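A.B. asks: We have chain P; now place chain W onto it with these hints.
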Amino acid sequence: MAFNAVKEKYRSKVGEVTLGATKEQGGTRGYTITVGGEGALPFLHFEGEIPNRPVVALEVWDHAPADWNACFDSYFGDVYNDAAAWAKKCVEEYGADLIVLRLKGADPDINDASPEDCAKVVKDVLAAVECPLVVLGCGKEEKDNQVLPVVAEETSGENLLIGVAEQENYKSLTAACMVHKHNIIAQSPIDINICKQLNILITEMNLPDDRIVIDPTIAALGYGLEYGYSIMERARNGALQGDKMLGLPMIGNVGFEVWRTKEANASVEDFPAWGEQEPRGILWEATTATALLQAGMDIVVMRHPKAASLIKQNIEELMVANEV
Amino acid sequence: MFIIGERINGMFKDIAQGIREEDPTAIHYWAKKQEEGGARYLDINTGPAAKDQVKVMQWLVEKTQEASDLPLALDSTNYDAIEAGLELCKRPAMINSVPAEWPKMERVFTMAAKHNSAVIGLAMNEQGIPKDADTRVALAMELVAAADSYGIPMEDLYIDPLVLPCNVGQDHGPEVMNTLRQVKMLADPSPRTVVGLSNISQGTKSRELINRTFATMGIANGLDAAVADACDRELIEAIATARVIMNLDIYCDSYVDVYIKQQK
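In order, the protein sequences belong to chains P and W. Counting in the numbering used here, the first sequence runs from 1 upward without gaps. Counting in the numbering used here, the second sequence runs from 1 upward without gaps.
Derived from the structure by calculation, the hints contain no laboratory data. Among these hints, one or two may not hold up.
Residues from chain W shown here face chain P by an in silico Cβ test under 8 Å; the list is partial [as the list claims (entries may be wrong)]:
no.	residue
1	Trp59
2	Ile250
3	Asp253
4	Gln262
Predicted model, so just to flag it, every value in this text is computed and none were measured. Note that CB positions come from ideal geometry on N, CA and C, so glycine has one too.
This is chain P alone, in the form it adopts within the complex (with noise of 0.2 Å):
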């Protein structure tokens, strides 16, 4: 008996979203990043192509963290006051693909920046670096609603990608991603029905699907992980049995979510079972993006370089193709 690989057929595939813009295009990047376009389940390249992979972006504040573990002071500690060298340490030092700037320092409880400020911070990254960048906001709908316009009218040609957008705060983020050019992130609550939805709501208003990325919120290892993964699992195969509003690239936090565990933070001393501190948070932070790597993540956003490594190197394992 002959074998015979079993292979699914699918209606459709995941759409594809650009970031970035070069000269020729209107911005001022030195390339461009396309995410999204699978045909198959994540790295099933026997089944469907995979056109893009996956890319690694390094998270990037405008304003010195306070509440970081100790053990990136010898990554980022010369650069914690200048968003631009930290960027472009990111970039040149740690190889990431992508840069995410999120304008922290805009939170009324912290610097409280003005929307002017932030849109100068987003321009000194971009003049520091020439890969496409994403901007979040400090994750206060009122003051986000007045900076995020801004830098998305003063950024204006470079085709960032812009977040978040939520079910109950979408219309000023996309009216402004759609005048001024940009992609956006629409954010959900781990829940698919609110996932699809949003993304309905926004193409209603005209915004292209070819413009958004999907952020179904994820959680780190052992804090949730499996209900991210499950309904990332849900929405690509969803995506590719033609559901249009669900076949869409995904974006997710795993940096942000993972240092908040006390597993990636505790010392040695507190927890002498667990072993060394540092190497513990590299792998909590690689393990959490390994595994969304499966379920379907397009854009991983980590924080600590080795991790950031770690994941590049299993990335470019998987998209050796395996044929059958």
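C.D. replies: What follows is chain W alone, placed relative to chain P:
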């Protein structure tokens, strides 16, 4: 479940008149309207009055494709007409239909394989429509075996268990539901299933209510497609809802609109 729009049929006055006067206005209108309504295929039937079935089928196929990109279901017992229509189809079509009879199966499955088209197989033969589910399933199995021997993938074979009006053939209802369930177990991957939905309500009062109730029950029993009225909004809503309840589509608040958009 998806809908094969039933409206481009020479049995309807406006279509018959269009055919007679070679005026495609009504054909264009219904092609677009059914597509907007949520049809995934458009059924094309020349009607019994047309003298030259081959020519009329070709004309209908051409005129329909001018107005819509949906794939077509060529509906005729005249296989020369179907074959002539298949030659003109821009997308893989569906043949409506073939009973479990030789040499009809030979003729139809040969042209289906050649044109990469789907086939509706009727669970009946020379002896007419069976009374019970067991006989229907046995005939379905003959269709499955025949289709397989001509290299037709099971996903392209649509078994029609044959629906009778619920006022005169009331005892057929449960037999049809039973057949739908069992057909799904005849092969792996399983053949698909289809019904001529509007038959269930022939000659009854409140036809739309009976149609959409049957549709939701059919979906719960494994019904994949129906030749039906794609412009019946309440039918579409019932189908979209049944699909959500059966976990065939992922729920969202706009699930009816999403269902309609996804058919294209």
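A.B. asks: Tell me, in ascending order, the numbers of any earlier hints that this structure violates.
C.D. replies: Structure breaks hint 1 only.
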